[in-house]
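Asker: The primary structure of each chain is shown beneath.
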Amino acid sequence: MITIDSLTKRYGGFTAVDDVTFTAAAGRVTGFLGPNGAGKSTTMRVMVGLTPPTSGEARVHGQLFSELPNPGLEVGVLLDASAQHAGRTGREILAVAARTMGLPRQRVAEMLARVSLTDTEADRRVRNYSLGMRQRLGIAHALLGDPSVLILDEPANGLDPAGIRWMRDLLRSYADQGGTVLLSSHLLHEIEVIADDIVVIGNGRIVAQGTKNDLLQAAGTVVRSAAPDRLADSLEAAGIPHTLGPDGVVRTPADAARIGQVALTAGVALTELRPADGAGLEEMFLELTAESQREGAAA
Amino acid sequence: MTTLALERENAATVSRPEPRPIPLTRIVGVELRKMFDTRSGFWLMTSIGILALLATAAVIVFAPESEQTYSSFATAIGFPMAVILPMVAILSVTSEWTQRSGLSTFTLVPHRGRVITAKAICAVGIGVVSMLLAMAIGAVGNIVGTAIAGTDTVWDASVADLTMIIVANVLGLLVGFMLGVLIRNSPGAIVSYFVYSLLFPTVFGMLAAYQEWFRDLQGWIDFNYAQSALFNGVPDGEQWAQIGTSGLIWLVAPMALGLWLLMRSEVK
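So the protein lines, in turn, are chains A and B. This note's numbering puts the first sequence at residues 1 to 299. This note's numbering puts the second sequence at residues 1 to 268.
Treat the hints loosely; a few may be bogus.
As the list claims (entries may be wrong) - To give an idea of the chain B side of the interface with chain A (calculated C-beta under 7 Å), a few residues:
| no. | residue |
| --- | --- |
| 1 | PRO19 |
| 2 | PRO21 |
| 3 | ASP37 |
| 4 | ARG39 |
| 5 | SER40 |
| 6 | GLN99 |
| 7 | ARG100 |
Think of the hints as simulated: they come from the structure by calculation, not from any bench. Computed from a predicted model, the values in this text were never measured in an experiment. The C-beta atom is built at its ideal place from N, Cα and C for all residues, glycine as well.
Using the sequences plus the hints, can you model the full thing?
Answerer: Okay, here's the thing in structure tokens:
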């Protein structure tokens, strides 16, 4: 379990992380979602003691990271797959880490097999690795000590679709076995398909957090009908807030049952009525992070 | 299949036995390995031996017969050592930042002081071993050289003299280490080492030449000048004191500042 309590990090006058509090629970995958520069990486660096916080703290299993006697055995960390000595071979990087943790040598070969790096690839120097290979090596590095907590910053970066699928299954099974997984991404879809809990950060602040289901629920309902204008009018009459998109799609925070009832009363035939899952969350994400988006609010 | 099943079991166990702390000896072992396990690191280490051999060969070939004494060999080998050993010390520290491997080093061992201590032990150990190796190569060169020239083999350096030369080289290496800790960037630290070892002596030398008041102070302030006593036998009490005071200014104080900064800095 990871607990972040009122964490703040300032650089001079710039507040990179602003009073962030959240928990990543054991047995669940927690997605840390936010646009670039929102403070995800800074928060994660503070968690593992690489960046001193201005105030607040982060604890793993109730302990500060620096209090962990042999952190590699308890927390698997992947912050930047490219942050390795370019002149070392992949195998040597794992061997050095295994030696630091006091693990037997064969653990290195096991992990290489687990992330599907071949012997030839493992003996190449990291400067010759593709981003995808570095990412696999980084995941092997994180899994090496068989930790119960994983902290991964943008682990899907550079992986091909099959690799992303593989990583998703791996993290899913890790959480199902009782492990704590915290992974960050700036891509909503990535988080949506894997996370149980979602923490959304923008401009250094947490703008939303909860289970994925709760957040989806909050995103409301999508309705299509043959007569969108009449539907909109009847929703208006029923006092239900809604928006009518140019494509004739009506979005509303009300639940599907209520909308169905209104449509039936109004005699409007619906062609589609469903919770606004993916698209709705995306809208929420764009909206919630609008101020921090460099492009401004996407309409 | 079995490892996977085993992992499943382990991850499911919520309360596992508290792992034992990482002993310093293991960190030293890891840091030592990291000094050799890259191509550049390996060749840097190998070059210590190669340059000692080349310097020895140069004395045999170029030095006049009368100069074929052990101290000539020791001096010739001393030059490359004085350059390479500080580089070894610098890179052992700075590569964690310049190559960014510090991200994993300092998360696996979240006590930077322990990692830096381990690096210092490795650097000094390598310095002493390299000097002993270089002196052994010099001794062989002295025997072979005089045999070729047909002159008597002259052993004109005592164990005490050689020990002082080792001390001087370890001090030079520690200067490199200090600059690595302070600057934490490979090219920056290497350049500053050359500025430190070439510019400072010149400036102090000029100051002593033109400013009377500085002449008596130089030994106490100029670290390079104070260290030169180490190359002329065993220093006396005053010379040791001068090495102490100048070292305090140019080695200990900046090292303390560097360590203070390093502990608080952000590893990116």
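Asker: For every hint, state whether the structure bears it out.
Answerer: Checked hints:
no.: 1; hint: PRO19; result: holds, 4 Å
no.: 2; hint: PRO21; result: holds, 4 Å
no.: 3; hint: ASP37; result: holds, 5 Å
no.: 4; hint: ARG39; result: holds, 5 Å
no.: 5; hint: SER40; result: holds, 6 Å
no.: 6; hint: GLN99; result: holds, 4 Å
no.: 7; hint: ARG100; result: holds, 4 Å
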